[in-house]
Structure formats: structure tokens, C-alpha cells
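Position chain A relative to chain Y; hints supplied.
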Amino acid sequence: GQNIDQPTEMTATEGAIVQINCTYQTSGFNGLFWYQQHAGEAPTFLSYNVLDGLEEKGRFSSFLSRSKGYSYLLLKELQMKDSASYLCAVREQTGANNLFFGTGTRLTVIP
Amino acid sequence: EPEVTQTPSHQVTQMGQEVILRCVPISNHLYFYWYRQILGQKVEFLVSFYNNEISEKSEIFDDQFSVERPDGSNFTLKIRSTKLEDSAMYFCASGGGDNEKLFFGSGTQLSVL
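Residue numbers (the working numbering), protein chains in the order written: chain Y, 731 to 841; chain A, 237 to 349.
Among the clues, some could well be false.
Said to hold, decoys possible - Here are the simulated DSSO-like pairs of lysine-lysine, each with C-alpha atoms no more than 27 angstroms apart in a straight line:
no. : chain 1 : residue 1 : chain 2 : residue 2
1   : A       : K319      : A       : K278
2   : A       : K337      : Y       : K798
3   : Y       : K811      : A       : K337
If you are wondering where the hints come from, they were derived from the structure by calculation, not from laboratory data.
Bound-form chain Y, shown alone (with noise of 0.2 angstroms):
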């Protein structure tokens, strides 16, 4: 099974930096993704992290620390763009390759 866990809300400013962050517990860990989500629409891929430490893609960042069961998700140069939700979603270790989400924190950026 699995357990994860994100803030519901944040709130950023345009041109400053957020970091969203996600527990996880998971029975057999194999990849942490990040997905955004703009309201009515699907999910799109942002970010993977199977090993620990940073990946970098532009302004999106993701980190990863599999003894500590966490993640965050940095965003830089906020946009009014990038208000949408989050998403974190674990992968377990099945032959299916399942991705179970979080609650997914909607963030909100102000001028």
C-alpha cells in the first residue's frame, strides 16, 4: 500500500521560487514522479526520480531521498502559468508499473 502525503494549498509569488513537498510511505519503492494538472485536464509529466538527489529541467527541479520517504518539487521563476496542481505519485515495484497519486497541492501564483 501506500501513504502520500502533500500540503492541500500553497501560495507563491510571480518571479519567486516554491518547493512542494511529498511524503511517502510505499511497501516497495521504484520511482517518484511529479505531475501538473490544470483544473478539468489531465495530468501531465514534470519530473522522475528513482535515485537519490536533484533533477533539473529548467525551472522545475525535483528531489529525492528514499531513507527519509521524501520529495520536493522546486519551482523557479514562478508564472501566473504555473498556477495548477501538483501532483506526487509513487511507482511500486509490481510488474504493472502503477503510478499512485497524492492529493496534489494546488498552488496559486499572485502578482
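Chain A in isolation, oriented as in the chain Y frame:
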């Protein structure tokens, strides 16, 4: 970029009716999934499908649900007798394999009246 396509985008049905939600996964993908998201709640796993059979299913995926890959391109979710609580956005997803991201379709909004 290749896309997962879903039809219809909206489906309204009466309680007790059967519905079929359709998906065309990305053509070279091997793993197929259905997820659902009740308004304001998290994305929930329903079922995964690989090598023409169900590989894993959640508690939500009871006897009222079934999946099928009737040909080489389509992947369908059938709900035999819909209930009010089946109202949700249903997302189809596909993936190429280990350590690969899942691509999600734009969803079918199912409303059961």
C-alpha cells in the same frame, strides 16, 4: 508529441445504465491504465493492463467494471450498471515500460443522474 486520445469527452447517463469509455493509447506502448478523479479529490488507480490481460486492479474496480482491448489500437472501460458515485473524470493512460512516464488522455467526464 504522441497523444493518448479518449472519447467521448463528456458522457451523461442514467443510473443503472451501461457505459463504455474509449481510449486509443500511444501506438508503441505496452502498458495501459484507467484512473478516475472525483471532483476535488485525488487521481485514483483503477486497473492496469499488459499483454492482453489485467495485471493489477484496485478495490474500486469491482465486478461492475471491465476492460478490453478489442483490437490493436483501442482500450475500453465498461461500467455495467452505473451508480451515482461513479460520476467522475476517467483518465486513460499508457506507458512504454519500466521507468517510463505515463501519458494521460484528456479524460471523459462521466455524469450519472
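Status of each hint after checking the structure:
1. K319/A - K278/A: holds, 19 angstroms
2. K337/A - K798/Y: holds, 23 angstroms
3. K811/Y - K337/A: holds, 23 angstroms
Checked against the numbered hints given earlier, this structure breaks none of them.
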